[in-house]
Amino acid sequence: MKTKQTESNSKKNIVNRNQKESVWSSWIGMHKAAFDNAVQRLLLARITAVLTILVVGVSLSLPAAFQILVKNLESGQQSIDEQSRISLYLTKNASSVDIENLLEEIKTNNAVQDTMLISSEQGLKEFQQHNILGNALDLLNDNPLPAVIQVYPDTRKLDPNQIEKLSNELAEFALVDKTQIDVLWLKRLFSITEFVKQISFAISLFLIFTVLIVIGNTIKLLGQDFHDEIAVNKLVGATDGYVRRPFLYSGLLYGGLGGIVALFIILLGLMWVNPQIDQIAQLYQSQISLIGLGFSDILSILGTGIVLGLGGAWVAANRLIHSLSI
Amino acid sequence: MIRLENVRKRFLNGHDALRGINLHIAAAEMVFLTGHSGAGKSTLLNLIALLERPTAGKIVFEKKDLALLTPKEIPYHRRRVGVIFQNPTLLNDRSVFDNVALPLKVAGYKESEIKHRVNASLELVGLLHKAKRKPGILSGGEQQRVGIARAIVSRPEVILADEPTGNLDPQLSKDIMNLFARLNQVGITLIIATHDLPLIKELNYRQIELKDGKVLDAQVDTAKTAL
Numbered sequence: 032m033k034t035k036q037t038e039s040n041s042k043k044n045i046v047n048r049n050q051k052e053s054v055w056s057s058w059i060g061m062h063k064a065a066f067d068n069a070v071q072r073l074l075l076a077r078i079t080a081v082l083t084i085l086v087v088g089v090s091l092s093l094p095a096a097f098q099i100l101v102k103n104l105e106s107g108q109q110s111i112d113e114q115s116r117i118s119l120y121l122t123k124n125a126s127s128v129d130i131e132n133l134l135e136e137i138k139t140n141n142a143v144q145d146t147m148l149i150s151s152e153q154g155l156k157e158f159q160q161h162n163i164l165g166n167a168l169d170l171l172n173d174n175p176l177p178a179v180i181q182v183y184p185d186t187r188k189l190d191p192n193q194i195e196k197l198s199n200e201l202a203e204f205a206l207v208d209k210t211q212i213d214v215l216w217l218k219r220l221f222s223i224t225e226f227v228k229q230i231s232f233a234i235s236l237f238l239i240f241t242v243l244i245v246i247g248n249t250i251k252l253l254g255q256d257f258h259d260e261i262a263v264n265k266l267v268g269a270t271d272g273y274v275r276r277p278f279l280y281s282g283l284l285y286g287g288l289g290g291i292v293a294l295f296i297i298l299l300g301l302m303w304v305n306p307q308i309d310q311i312a313q314l315y316q317s318q319i320s321l322i323g324l325g326f327s328d329i330l331s332i333l334g335t336g337i338v339l340g341l342g343g344a345w346v347a348a349n350r351l352i353h354s355l356s357i
Numbered sequence: 018m019i020r021l022e023n024v025r026k027r028f029l030n031g032h033d034a035l036r037g038i039n040l041h042i043a044a045a046e047m048v049f050l051t052g053h054s055g056a057g058k059s060t061l062l063n064l065i066a067l068l069e070r071p072t073a074g075k076i077v078f079e080k081k082d083l084a085l086l087t088p089k090e091i092p093y094h095r096r097r098v099g100v101i102f103q104n105p106t107l108l109n110d111r112s113v114f115d116n117v118a119l120p121l122k123v124a125g126y127k128e129s130e131i132k133h134r135v136n137a138s139l140e141l142v143g144l145l146h147k148a149k150r151k152p153g154i155l156s157g158g159e160q161q162r163v164g165i166a167r168a169i170v171s172r173p174e175v176i177l178a179d180e181p182t183g184n185l186d187p188q189l190s191k192d193i194m195n196l197f198a199r200l201n202q203v204g205i206t207l208i209i210a211t212h213d214l215p216l217i218k219e220l221n222y223r224q225i226e227l228k229d230g231k232v233l234d235a236q237v238d239t240a241k242t243a244l
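Just so you know, the sequences run in chain order U and P. Be aware that the first sequence starts at 32, since it is given in my numbering, and climbs by one per residue. Be aware that the second sequence starts at 18, since it is given in my numbering, and climbs by one per residue.
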């Protein structure tokens, strides 16, 4: 009946396009709108939001606390490592030339950082200086002490097991009578650190999963509240991205705010633990002190929260979108 | 503009809503879709709006086969088609203005343009003075007109209306039909499903009657001049 040219339609489309904003400012505008929307949704369900953020915060604080524990154990291990050395007691009849040759050979080993020779005369002097054994040494005609080479292994490269291996290698030299090494403590600390690392990894995985589920579930509940809104938006031509965006911002808020809660929990924990550590340090007259939160720790806690929040929200929002038939 | 070739729709419960529909609706045409409830009017409109997919057959929208649209393209198709339901799906936690603004927000229009267009749209349906109210406190007829304002606000190429005057009194129904006629005059294609035969008898537009999922006594040929 009325057949107008389709040309007029396409002209209309061009006009439409000009009335929209430039791609960039429209992009910013849409994201701002989605963010505002997410904040509004969060405020609408305040109690749910606070609970979710607390659960996320507590869940994130545990792996983070373990991380700090591991960091402290490792630094403790390193300071003990620095003191570790292997003492080589040489045979009594070793000549000074042989000893020099042996020293040179040991120095070529990559695992060795430094060596120190204590000749039998020096050993005797030290004994006399410290008045060990009283006058007993004077009664002997010969110097009973062997020459000793102290080998300092490169602790940056070697763990306690490897240090022990090095010690066994050094014991193979003909000039070496006996080796002595104190790695038991080192080994204990090393295995405790490894154990804590593994536990912390398992707990982290578990809690990361928890955070994902908690955030995903909150977003899912949120989605049920906004079911009609989503349906109407899709009806009038909203893309999946448009529908998903406010949910992603919700997830980002939950994750980020949960991360901030986790930071506070850890700071409180450190404040509580620190005086006790100081007390222990005083008792042992040592200079142990706790390594606290570094900048990278703060970033990684917040980052983990945000990434998990986004991940949980992404999954929940997509399921929601696909559950609608339109 | 819109061509249906042997379109069939069978629902999961085995009910055949459409059983081989052949139709052509020209650009800037206004047609009435009539028939008893259950004849397949709503299903036909839903298929064109891509709210449902046909079981068989082909729907061509402006030379494009709708079956070939990817999921990403569907939203853009819906922006070209304004849909009006008998039961307007309005959001009760937002003002009338915000409800009507939805299609523009979704498409990324700027605020000033949204304001301008929403006001113009509300003016057309005579509800500008209630822009700040929540839809929940409006009468059924007013809610219906909000739904109409929302469907026309983005100036779609096609408007699909499913019983748009179902809740309206005769005078308002007439006003709405006049509004549709005016939209048609500026080049918008309209497909209006209705069983208000007395109302449309006075209007001189093509009628397509559906019965049991088939086109009955179609005046198909009025559109043969255009594609």
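Source of the hints: derived by calculation from the structure; they are not laboratory data. A virtual CB, placed ideally from N, CA and C, is assigned to each residue, including glycine. You may find that some hints are simply not true.
Stated by the list, open to error - Covered stretches of chain U (in silico footprint by chain P; criterion: 3 or more residues with CB under 8 Å from a CB of chain P, positions within the stretch not fixed):
1) 233-239
2) 269-275
Claimed, not checked - Quick look at which bits of chain P chain U covers, simulated, 3 or more residues with Cβ under 8 Å:
3) 29-42
4) 99-108
5) 112-125
To be verified - If you want the ones that stay clear, here's a sample from chain P, every Cβ over 10 Å from chain U, calculated:
6) S59
7) V77
8) E128
9) G143
10) H146
Each hint, compared with the structure:
1. Remark: the region 233-239 of chain U is not confirmed as covered by chain P, as 0 of its residues place a Cβ nearer than 8 Å to a Cβ of that chain, below the required three.
2. Figure legend: the region 269-275 of chain U, annotated as covered by chain P; annotation consistent (4 residues with Cβ-Cβ distances under 8 Å, at least 3 required).
3. Proximity of the region 29-42 of chain P to chain U, defined as three or more residues with a beta carbon under 8 Å from a beta carbon of that chain, is not established by the 0 residues found.
4. For the region 99-108 of chain P, the stated coverage by chain U is satisfied: 4 residues place a CB nearer than 8 Å to a CB of that chain, which reaches the threshold of 3.
5. Evaluation of the coverage hint for the region 112-125 of chain P: fulfilled, as 6 residues show C-beta separations to chain U shorter than 8 Å, against a requirement of three.
6. Every CB of chain U is more than 10 Å from the CB of S59(P) (nearest about 14 Å), matching its label as outside the interface.
7. The Cβ of V77(P) lies farther than 10 Å from every Cβ of chain U, with a closest approach of about 14 Å, so its non-interface assignment holds.
8. Distance to chain U contradicts E128(P) as a non-interface residue, since its nearest Cβ pair spans about 8 Å, not more than 10 Å.
9. Distance check on G143(P): its Cβ is at least 22 Å (rounded) from any Cβ of chain U, clearing the 10 Å threshold; non-interface status holds.
10. Every C-beta of chain U lies more than 10 Å from that of H146(P), the closest at about 24 Å, which supports listing it as non-interface.
Checked against the numbered hints above, the structure breaks hints 1, 3 and 8 and satisfies the rest.
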